[in-house]
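Got chain A; can you put chain B on it based on the hints?
Respectively, the protein sequence lines represent chains A and B. Here the numbering used here is used: the first residue of the first sequence is 141, the next is one more, and so on. Here the numbering used here is used: the first residue of the second sequence is 141, the next is one more, and so on.
Simulated from the structure, these hints should not be mistaken for laboratory data. Hints are not guaranteed to be accurate.
The list makes no distinction among identical chains, and a pair is therefore deemed to hold if it is satisfied within one copy or across any two copies.
Claimed, not checked - EDC-like mimics (lysine to aspartate or glutamate), calculated; alpha carbons at most 16 angstroms apart, straight line:
| no. | residue 1 | residue 2 |
| --- | --- | --- |
| 1 | K151 | E211 |
| 2 | K171 | E344 |
| 3 | K386 | E330 |
| 4 | K221 | D256 |
| 5 | K288 | D256 |
There are 2 protein chains.
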Amino acid sequence: MISKSQINFVKSLHQKKVRKDLGFFIVEGIKSVTEFLQSDYVVDTIFYTTKEVLKLDILSQNVKLFEIKDEELIKISTLTKPQQVLAIIRIPTRPITPPLELPNDTFTLMLDNIQDPGNLGTIIRTADWFGFNQLICSIDTVDAYNPKVVQASMGSLSRMHILYADLPTLLQHSELPIYGAFLDGKSIHETVFPTTGVLVLGNEGNGISKEVHQYIRYAVTIPRYGQAESLNVAISAAIFCVKIKKGI
Amino acid sequence: MISKSQINFVKSLHQKKVRKDLGFFIVEGIKSVTEFLQSDYVVDTIFYTTKEVLKLDILSQNVKLFEIKDEELIKISTLTKPQQVLAIIRIPTRPITPPLELPNDTFTLMLDNIQDPGNLGTIIRTADWFGFNQLICSIDTVDAYNPKVVQASMGSLSRMHILYADLPTLLQHSELPIYGAFLDGKSIHETVFPTTGVLVLGNEGNGISKEVHQYIRYAVTIPRYGQAESLNVAISAAIFCVKIKKGI
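Bound-form chain A, shown alone:
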């Protein structure tokens, strides 16, 4: 059973402004919700249509639980095919605090105005696979707590630190080697990435912004063998991840 005010509350979290104001976001599906329960995130409420949820031994005593009907889940879900479990999770304050400086003990991925939530979610999932634990996004990058980002990240959002920051400010004081993904740079196959540095990936349509471009020291390209005009940004990110990690 779900109350009308609960329905309105969950539905309001479909919007970015409300998520920011109230500090909660939505995660759906038993697998993803389980990964958030196992993480540092605070799971506030779980709505479920299947008893399976109650079998989770990681369910803390502090989670509010509501068994609801399928038709009620449809009302609050962000998915066209709701997945039996919907959780309301607290947005940590960390991700919205801009970091003061770039980490100098690891390689950092930076996203400049990525707009498609599916792309951001897939980049989070891929970066998690390749052992990155942080992404730095420009302020205008799509909200990481957008339901489509959460969905595409397949639980990896629970493990990745997503920081939003003014990229030029961060980059201008950095001594690190700054790489950027471009269509006309040096081949990725001839590039040897250091263990410490930054790679910037740009917007889907316009690439890296002028403001960020001026700080890029090395323009790198994934060579093209065919005729497509460009690669999807999540695809590029993945190929860079392999190269940075494995040095292929």
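Okay, now just chain B, sitting in the frame of chain A:
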């Protein structure tokens, strides 16, 4: 101006069954439509809200042109944000004819039951970038003329041959080395792909089907450095494409 029967016709093409019955599909956006006009595909009709379309010097005399209003485009578009141009294009008979045997002069990508249209579209775009010109899909793979596939392929569908075939039948008589993408195979970094062969990528949730699995001679894995449970199939496809083409 668009007639009611035209509206009904275009809207009916949103469905797979109707596309198959009538032999037409929808392409939207000036860039993608232009690429189809430059290809072997037969563009039947173009609905447009911007005069820009008429400036295209590749517009053949046989294309039926209709200037329509924004609100009319919204009615027929498959997109949440319609893009000024919507074309009705003839489905070539080629793609639905199963090939009799696997090409033995090139490396072939094979998709076993890919269900997400965004994934198929992104794989088409990526394969085009890396110079592949053909994809062989299992019969149960999502329809390549699904509007979301067309959209994600960003015009690359106009250059790729998409063949649907019974994969076990094709594979059982082949002498080619058959590779498969698995979570527990030999590392891709230790694999040297030949110039002629086949790589099979499996379904998003279940991987490669049993029926196809029995013909895989080499199980290959993209090593994991972090904690994500799996990689998106389009991401895996891209990493394999780089490796097959570049031999990195």
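Checklist entry - Against the structure shown, which of the earlier numbered hints fail to hold, in ascending order? => result none
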